Amino acid sequence: MSEGIVVMGQVNLFQVVVGILALAAAIGVVHSKSAVSSALSLMATLFLTAFLYFAKGAYFAGVVQVLIYAGAIAVLFVFIVMLLDLKPSRVAIPGQKGVALLAFAATAMFVVVVALLAVPGLFEPGLQESNLTALSAKAISYNFVSTYMLPFQATGFLILAAIVGVIMLAKSVRSPSNESRGEP
Amino acid sequence: MTPLLWSLFLVPLVGVAVLTGVPVILMVERRGSAWLQRRTGPNRVGPFGLLQPMADAIKMVFKEENQPARASKFLFIFAPVLAILPPIVGFSMIPIAQPFTINGESFAVQIVKSDLSFLFLLAITSLHVFAVLIAGWASNNKFSLMGALRAGSQMISYEVAIGLCLVSLVVSYGTLNLSEIVTLQGAGSRLAFWGFFMQPLVFLIMWVSVFAECNRLPFDLPEGETELVAGYHTEYSGLKFGLFFLGEYAAMYLASALMATVFLGGYNIPFVSPDQLVSFVEGLGLYGDQATWVASALSAVSFAAKVFFFMFVFVWVRWTLPRFRYDQLVGLGWKVLLPLATINLIGTMIFSFLQKGAY
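Chains A and B, in that order, are what the protein sequence lines are.
Those letters in the first sequence? Residues 2 to 185, by our numbering.
Those letters in the second sequence? Residues 115 to 473, by our numbering.
Isolated chain A, as found in the complex:
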């Protein structure tokens, strides 16, 4: 087993407890009947994951996790779900077969990712534990605009494309006839 894998470093009691809580919250995301509880569980999962980062000494990653994911993106999820006021019956739930297929796909993906991480030397510069903990905010930001400039910009472009795509999808749902019979 290679020593550099974040997932498999030394584990203490704090990490175990937080990990179990995070898993419970993650189960809550899929298991909740109401969409709002689901979104709140998602927020709890993201928040608890940040504690795992803290426990590993990756303070910057942890803080950014809370700030961006728990503090901004999860808030937007909760906000939108509340705004739309989805009733449990109106949420489309894939059938028994669909759930099994999705679960299988997710598990397979997880296994593949872990297997790739376990190959020594494949992700040498990015994911070594010592790399993660030693980096200060300054070093991380410096890397963003020097070594990893291209991936950084590419990710930004990808997100922009996703936003444009979301707008297109959201627009196509609303037909003009629906719009005219809005509120009285």
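Because the hints were derived from the structure by calculation, they are not lab data.
Source: prediction; values computed, not measured.
The beta-carbon is built from N, C-alpha and C at its ideal position, and this holds for glycine as well.
Hints may be right or wrong, so weigh each one.
Okay, the calculated bits of chain B under chain A, using three or more residues with CB under 8 Å as the criterion [stated by the list, open to error]:
(1) 236 to 243
(2) 263 to 274
Lysine to aspartate or glutamate pairs mimicking EDC-like chemistry, simulated, CA-CA at most 20 Å apart [as the list claims (entries may be wrong)]:
(3) Lys256(B) with Glu339(B)
(4) Lys139(A) with Glu294(B)
(5) Lys256(B) with Glu341(B)
(6) Lys139(A) with Asp229(B)
(7) Lys57(A) with Asp229(B)
(8) Lys470(B) with Glu294(B)
(9) Lys173(B) with Glu143(B)
(10) Lys227(B) with Glu178(B)
We have chain A already, so just place chain B on it with the hints.
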């Protein structure tokens, strides 16, 4: 005493200080509003009515608590807890007074001494909006939900502007460490290093945004009485309402403390650098460690005065300006403050690149 022990000792001290600050500002608010409106204000309980907040607190504790029949039970109780936690935890990042020494060893008056304290503070305060959203949804009441949604969109909108402002500040200070930021502002006993003089536009944008972030008038749309009864805490009574109340004022204190820290030089006394303060105290006949203790206490008083200035402006503005319309509020955030903050950020980046060169 080890630094860890000192930090642990500071935790209850700071917590109690914040929670005692709330009744103080409450009294200032009630008597101040009366003064601004040419009324008398509460003056019956205790000398000059000073015990009024205590009477309010006792009333809140003993009041009957109602819970709507179809409210979400766990979330209904969880929301007030979430309302009070982030503002108080946030205070652990604020440097409150200048460091003092015991037997030559230096102790900082700050609970969490991290290089990322600025980011930590932002991360924690960004969770405050959840309390409002959860409270509004869990109450199972239309007015509550509408108040919560208003609060949510308002807080998210203005958080963006605040975030950009703070990026400008970080660029000009070159650090994310709040105590380093304060040290930089105290350097050379010149006011020119204060955030207020370095980034006046950011100061203005942030001051306006903080009012929206704390749901204070003129931006208290989430609780607009004339439209929404009381907004997200309509269904709350007794001590649960008290926690929301406490959380709101604690958030105001935290915002004031942050503004004082990054714009007004934190615990520094104007025109006096920390070293000069220590030598001034030594001139009074105290030496060594004791001089640093007194200097530290004096700087804490300076910090408290700055925080209180912002708190007083909160009260002053609340009783002077009328409430905005909701579209005006959102328009101000997205169409005025955000572009201004962006332009300022770009300007700051160019300026600091010309000044310091590349990293």
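Hint check results:
1. 236 to 243: This one holds; 6 residues, not fewer than the three required, reach chain A with a Cβ under 8 Å.
2. 263 to 274: It holds, with 5 qualifying residues against the three required.
3. Lys256(B) with Glu339(B): holds (14 Å)
4. Lys139(A) with Glu294(B): Since the Cα atoms of Lys139(A) and Glu294(B) sit roughly 15 Å apart, the hinted pair holds (cutoff 20 Å).
5. Lys256(B) with Glu341(B): holds (12 Å)
6. Lys139(A) with Asp229(B): With Cα atoms ~10 Å apart, Lys139(A) and Asp229(B) stay inside 20 Å; holds.
7. Lys57(A) with Asp229(B): holds (16 Å)
8. Lys470(B) with Glu294(B): holds (18 Å)
9. Lys173(B) with Glu143(B): Within the cut-off at roughly 19 Å; holds.
10. Lys227(B) with Glu178(B): violated (42 Å)
Comparing the model with each earlier hint shows a violation of hint 10 alone; every other hint is respected.
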